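Given the coordinates of chain A, work out where chain B should sit on it, guided by the hints.
Protein chains: 2
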Amino acid sequence: MTTDQSPSPALLPSGFVDRLPLDAQAEASGTETLLSVFASHGYERVAPPLLEFEDTLLGGAGAALADQAFRLMDPDTRRMMALRPDITPQIARIASTRLVGVQRPLRLSYAGQSVIVGNGSAGQNERQIGQAGIELIGPDSVEADAEVVAVAAEALACLGVTAVSFDLTMPPLAPSLIEQAGLPGAARTALMHALDRKDAAAIAQHGGAIANTLIGLLSAAGAADQALEALRTADLPAVTRLFSERLRASVEAIRTRLPDLQITVDPVEFRGWKYHTGVCVTAYALDSGEELGRGGRYLCNDNEPACGLTFRPDAVFRAAPRRTLPGRVYISSGTDPSVAKLLRTAGYVTVAGLDSHEQPEEEARRLSCSSVVQGDKLISLD
Amino acid sequence: MTTDQSPSPALLPSGFVDRLPLDAQAEASGTETLLSVFASHGYERVAPPLLEFEDTLLGGAGAALADQAFRLMDPDTRRMMALRPDITPQIARIASTRLVGVQRPLRLSYAGQSVIVGNGSAGQNERQIGQAGIELIGPDSVEADAEVVAVAAEALACLGVTAVSFDLTMPPLAPSLIEQAGLPGAARTALMHALDRKDAAAIAQHGGAIANTLIGLLSAAGAADQALEALRTADLPAVTRLFSERLRASVEAIRTRLPDLQITVDPVEFRGWKYHTGVCVTAYALDSGEELGRGGRYLCNDNEPACGLTFRPDAVFRAAPRRTLPGRVYISSGTDPSVAKLLRTAGYVTVAGLDSHEQPEEEARRLSCSSVVQGDKLISLD
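Chains as they are written, first to last, in the working numbering: chain A, 80 to 461; chain B, 80 to 461.
I should point out that these hints are in silico values taken from the structure, not numbers from a laboratory.
These figures come from a predicted structure and were not determined experimentally.
Each hint should be verified, as a subset may be incorrect.
Unchecked claim - Footprint (simulated), chain A over chain B, 3 or more residues, beta carbon under 8 Å:
1. 220–228
2. 421–434
To be verified - A partial selection of chain A residues facing chain B, derived with a Cβ cut-off under 8 Å:
3. Phe95
4. Ala103
5. Ser119
6. Arg124
7. Ala126
8. Pro128
9. Leu130
10. Phe132
11. Thr176
12. Val196
13. Pro218
14. Arg407
15. Val428
16. Thr429
17. Leu446
To be verified - Quick list of simulated restraints, FRET-style, between CB atoms:
18. A:Leu90 x B:Tyr354: 15 to 25 Å
19. B:Gly406 x A:Pro416: 32 to 42 Å
20. A:Ser367 x B:Met159: 30 to 40 Å
A virtual CB, placed ideally from N, CA and C, is assigned to each residue, including glycine.
Just chain A, with the same shape it has in the complex (with noise of 0.2 Å):
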């Protein structure tokens, strides 16, 4: 809408957005339940820092992401500090150091927006990335793994959003399969790639005596049911079987505590394995497929089991039914205040003419109010 000819005022780096009324109001309110529900189920809010010490912040936990993060120089120090890309390790460093004395488990939540560096395309995906979440720390158990998906799952439907779907994986399971089969090198290598690809003619190139046992599991992925029950049927080595079954286990405390909630299994997906050492949980919209958050068990500070999930709030919001909007109630200039106030108790919006205006109805429609104070009057425009 300007006119000017240098470079637009409104233009933004790719990956950076303004959010305007709606949405904003929409984001920071919806976050706002979520970590309501969070803290309803104990889990208490932390806010670590936008920056700290590159390597405090890119070391443990945080080393998967470094390169995806900004660095800058500490005046103060002259060390290099860096712009968070995950806010997940810090939590982890919090609970390890300045909640190190606090009783396990330790139930944390936070919410707020971190940084990538991006792939450097234009028009690439948002760089500017917030999320709201929670850990616990402590228990290693099918309950803990449970209780995250719940609260999970409960904080959604808080705001609406019954349509989802929890896919579960335990991203060692492939891995200690592959690592167990005695392979050579190549071979192994061959066959992760083929299996992130979820290849099947390459699985079975290269998968030599658990190529059916691979490509059996690789097509169980679905409904819970049917994944854990190849799984069950498969010819697991005693390490791997260990996963199979903590797996099963976590999907039944999920569906003990949560009958009705979809759950679907990929048994052989092992994304994220360096990483996490145990289940691992994405949740979509059933609609748009869109990814809401995920999460997973992970060693906290390499020591202490954990299990966290993180929520992408634009797109929980973007799954949520749009709540009803206040009314705005325009308020004539000169209006006893008190009138305003009792509107804004009742739920309404007001907006105070700040000048006398001879038709206070065409002011109101020019700022959008459904209604007009005049008077002792209520008058409703629709």
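Okay, now just chain B, sitting in the frame of chain A:
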């Protein structure tokens, strides 16, 4: 509590902090309370990004903080970006670009984090700064000045912060008086410097014909009545009289709305006068003297009248009475989930027992719960 010899992973760059449970929760819920009061008066939320191109972010109103902004290169365009040191200029940018077609008065609100470079000294003040504020864009009237102060005072009151003082200034007033006095350049500079230090002796030395007027106004700073009376009887040139009259009219408009609000006036304070074009306001906590927020009148995008106020949420919550925490109830493993749900609906925090315990009361106490559900009984531990 760690015994590492290497730099502690808990060490953060100076000016950056981890907010732990009680503080993080108070700041987040308090910020949403501020924003909900803003929304009830028709201030619609916008959320600009953490980073923008340097020339957009630090041009115009943003230039004042240009030396406080961290810079980063956008790998996409190879242009420099900056981490925002202040949100207010971003709101002005949005108002004059994306929302230029929206009817005025335009009422916008925002909350978020900014980052400043700081002064490079160890132990310095915070470098990550929370902001929550409003902007009223379009009208240049005492009613608009008064609305901003009234909405800010109501938001503070909603958080229980009622022991506050609003300190009003008119930054262009003293410079206009000095400008009109026709002093030589060097004397003018010395006089501004003396006034900035509130050094009456130096004002007498450099002030020539206006020295007595300036000293009189300087000593009248304080309760609004005495300051406004000193301005009324002072010998002021016509252009300075316009500023003085506007200040008086704004104070009266605020008093009409909030007769009990403590208002002070500093007639010759000119902090911010290169940026602010009219009445400025700073809110202080009476108990601690801490600044809670500040704002004033300026030109949005150099051409549209605007008036706003930004709170520092951390300061506001230091001044606010702490809310009573909800009771924490330990839910013994195996309890009917509907019991915990009912308790959460009633406002309790439920902490699920993930294992069976012989003595759930002990486990409940260990996890800081004040009661425990066992079987169908709720047992208080106080």
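Earlier hints that do not hold, by number: none
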